[in-house]
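Could you put together the complete structure from these sequences and hints?
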Amino acid sequence: MQNILSVQSLTKKFDDFTAVKDISFNVETGSIFAFLGPNGAGKSTTIKMLTTVLKPTSGKISINGFNVLKEQDQARASFGIVFQDPSLDEELTAYENIVYHAVIYKVPKKERDERIKKALEIVGLWNRREDYVKNYSGGMKRRLEIARALVHYPKILFLDEPTVGLDPQTRNSIWSHIRGLNKEKGMTIFLTTHYMEEAEAVADQIAIIDHGKIIESGTVEEIKKRTETQSLEEAFLKLTGRDIRDDNIGDKTRKRRGIRRRIRH
Amino acid sequence: MIEVIYILWLRQLKHYWRSKPRLLGSLGQPLLFLVTFGFGFGPMYASASGGGNYLDFLAPGIVSMSILFTAVFSGLEVIWDRQFGFLKETMVAPISRTEIMIGKTLGGATIAMIQGLIVLSLTYVLGFRILSLASLALGLVFMFLIAIFFTGLGLAIASMMKDMQGFQLIMNFLIMPIFFLSGALFPLENLPKAIYFISRIDPLTYGVDGLRGAIAGMSTFGVFNDLVVIGLLSVLVCTVGAFLFSKVEA
Numbered sequence: 004m005q006n007i008l009s010v011q012s013l014t015k016k017f018d019d020f021t022a023v024k025d026i027s028f029n030v031e032t033g034s035i036f037a038f039l040g041p042n043g044a045g046k047s048t049t050i051k052m053l054t055t056v057l058k059p060t061s062g063k064i065s066i067n068g069f070n071v072l073k074e075q076d077q078a079r080a081s082f083g084i085v086f087q088d089p090s091l092d093e094e095l096t097a098y099e100n101i102v103y104h105a106v107i108y109k110v111p112k113k114e115r116d117e118r119i120k121k122a123l124e125i126v127g128l129w130n131r132r133e134d135y136v137k138n139y140s141g142g143m144k145r146r147l148e149i150a151r152a153l154v155h156y157p158k159i160l161f162l163d164e165p166t167v168g169l170d171p172q173t174r175n176s177i178w179s180h181i182r183g184l185n186k187e188k189g190m191t192i193f194l195t196t197h198y199m200e201e202a203e204a205v206a207d208q209i210a211i212i213d214h215g216k217i218i219e220s221g222t223v224e225e226i227k228k229r230t231e232t233q234s235l236e237e238a239f240l241k242l243t244g245r246d247i248r249d250d251n252i253g254d255k256t257r258k259r260r261g262i263r264r265r266i267r268h
Numbered sequence: 321m322i323e324v325i326y327i328l329w330l331r332q333l334k335h336y337w338r339s340k341p342r343l344l345g346s347l348g349q350p351l352l353f354l355v356t357f358g359f360g361f362g363p364m365y366a367s368a369s370g371g372g373n374y375l376d377f378l379a380p381g382i383v384s385m386s387i388l389f390t391a392v393f394s395g396l397e398v399i400w401d402r403q404f405g406f407l408k409e410t411m412v413a414p415i416s417r418t419e420i421m422i423g424k425t426l427g428g429a430t431i432a433m434i435q436g437l438i439v440l441s442l443t444y445v446l447g448f449r450i451l452s453l454a455s456l457a458l459g460l461v462f463m464f465l466i467a468i469f470f471t472g473l474g475l476a477i478a479s480m481m482k483d484m485q486g487f488q489l490i491m492n493f494l495i496m497p498i499f500f501l502s503g504a505l506f507p508l509e510n511l512p513k514a515i516y517f518i519s520r521i522d523p524l525t526y527g528v529d530g531l532r533g534a535i536a537g538m539s540t541f542g543v544f545n546d547l548v549v550i551g552l553l554s555v556l557v558c559t560v561g562a563f564l565f566s567k568v569e570a
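Residue numbers (the numbering used here), protein chains in the order written: chain A, 4 to 268; chain B, 321 to 570.
These aren't lab readings, by the way, just hints derived from the structure by calculation.
Be a bit skeptical, because a hint or two may be false.
With a Cα cut of at most 20 Å, we get these calculated PhoX-like pairs of lysine-lysine [as the list claims (entries may be wrong)]:
| # | chain 1 | residue 1 | chain 2 | residue 2 |
| --- | --- | --- | --- | --- |
| 1 | A | Lys121 | A | Lys158 |
| 2 | A | Lys16 | A | Lys58 |
| 3 | A | Lys216 | A | Lys241 |
| 4 | A | Lys186 | A | Lys158 |
| 5 | A | Lys73 | B | Lys567 |
| 6 | B | Lys340 | A | Lys137 |
| 7 | A | Lys16 | B | Lys567 |
| 8 | B | Lys334 | A | Lys58 |
| 9 | A | Lys16 | B | Lys482 |
| 10 | A | Lys58 | B | Lys567 |
| 11 | A | Lys137 | B | Lys334 |
Simulated coverage check for chain A against chain B, where a stretch passes if three residues somewhere in it have a Cβ under 8 Å from a Cβ of chain B [stated by the list, open to error]:
| # | stretch |
| --- | --- |
| 12 | 48-61 |
| 13 | 99-106 |
| 14 | 157-163 |
Short derived list, chain A residues pointing at chain B, Cβ under 8 Å [claimed, not checked]:
| # | residue |
| --- | --- |
| 15 | Lys73 |
| 16 | Glu74 |
| 17 | Asp76 |
| 18 | Ser90 |
| 19 | Leu91 |
| 20 | Asp92 |
| 21 | Leu95 |
Just so you know, even glycine gets a beta-carbon here, dropped at the ideal spot from N, CA and C.
Dropping the structure here:
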């Protein structure tokens, strides 16, 4: 099996705080990979490094055979991303948001209309394409972001908590779309989520990160077996403890970053 | 390349066009300045200059002012993009940072130009007359360069700011002094040494002087010199901006 994503000794330091400590893992082409961990474990920081938003302190990342640090544009053209925080332009219509995306990802002009239509149909927003995004509900915005990430036919799709804050209907429909993309198009999916039952249901491979380190990885069955638990949720709690994590408590850097993050919302 | 720049440009124009209150609101200040300063200082200027018309002096200054503010605001809009998360969408795309910089600069500069043209037509209503069609053409060149320079400056500042908290600082300690000491409102002659010095390192000084030379026939440094200075500064600020932009982490 080939690896579409390969990470070696990835580390990220913020001033005096190390968010990600020397992690390494591979994601097989065509698989669904779940990246799990408590709040503040380093999931989003890792995703940001994988998707060129943050520069790693050290380490190597390769996506679709491209060095993410050196061949940024080729790497960027190979992945799609749905960020944890919203990233739509609310003053534009849904259609305009997707056209913007198609142009900056250099989707050939001839194919643009067709691909946009398909992507919007997949998430059931074709009829609402002329609406301003500011008039969309939370679930519709999420679906639009997923549709947008599909327009340039990414080889690997990063989903950072794609279903957070959504009702069960929307969550189900999003997961069925994602599974469909994986099965029909062979698209590799890299996701993070706090819903363990969702990860258990969809993921081929799982890695659990805590305090910036990967503490367990394998298939759901392997992890359950090793931790001697019945479900992924139990395994997760056993591995990461039952203490409640707070993103914003810790050393000074952490506090500052936490406060900044809250203001941004 | 061209299409990427075009779509970035188009997005900013759509924002501008769809926000009618902003469009109207931003005309209030230039109009207020034109009327109050124009009629307030007019008689004083006339007697001090031996019969000069203050509106001829003031109009190019107020046109420059509206371009200055609109351009800087457009540049700083990137900070909103960052806060609303949209900047990430642009930054993870497989396009060069220079393309992003050019698209955003042209977008902001176009809006500032439109705003400047609206104010220029307001001055016409108040009685200001441009010398000739040729001088209007040269005036447009200056308006465009002022717009480019200050949008680029706004973008460069925005790429170093995390949020809007530093906005007042930028306005009160950078943009307002740039405006007041540019010669937009009063002639830069017989000034105290310190003020004289600051006015000479103020980029807008050369924009205002060139625009005034072009459309009102009054210039301190000579239109050609102004053109060279503001032209070179625009290139410089865009280069620095593109460099800073390449370092931005969304």
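Open item on the list: Hinted pair, alpha-carbon criterion (20 Å max): Lys16(A), Lys58(A). Please report holds or violated.
Closed with: 10 Å, holds
Task: Proposed interface contact between Leu95(A) and chain B, which counts if any beta carbon pair is under 8 Å - done: 7 Å, holds
Open item on the list: Just to be careful: measuring from the Cβ of Glu74(A) to every Cβ in chain B, is the smallest value less than 8 Å?
Closed with: Constraint on Glu74(A) not satisfied, violated at 10 Å.
- [ ] Please work out if Lys216(A) and Lys241(A) have their alpha carbons no farther apart than 20 Å.
- [x] 16 Å, holds
Task: Asp92(A) as chain B interface residue, shortest Cβ-Cβ below 8 Å - done: 5 Å, holds
- [ ] Starting from Lys334(B), check that the Cα of Lys58(A) is at most 20 Å away, please.
- [x] 32 Å, violated
Task: Given hint Lys482(B) paired with Lys16(A) - CA-CA distance at most 20 Å - done: 19 Å, holds
Task: Hint check: 8 Å Cβ-Cβ cutoff, Lys73(A) to chain B - done: 14 Å, violated
Open item on the list: Does Lys158(A) sit within 20 Å of Lys121(A), going by the straight-line distance between their CA atoms?
Closed with: With a Cα-Cα distance of about 17 Å, the restraint between Lys121(A) and Lys158(A) holds, given a limit of 20 Å.
Open item on the list: Please check whether the stretch 157-163 of chain A has three or more residues whose CB lies within less than 8 Å of a CB on chain B.
Closed with: violated (count 0)
Task: Straight-line alpha-carbon gap Lys137(A) to Lys334(B), limit 20 Å - done: 15 Å, holds
- [ ] Three residues minimum, CB to CB under 8 Å: does the stretch 99-106 of chain A make the cut for coverage by chain B? Let me know.
- [x] holds (count 5)
The earlier numbered hints that this structure contradicts are 8, 14, 15, 16.
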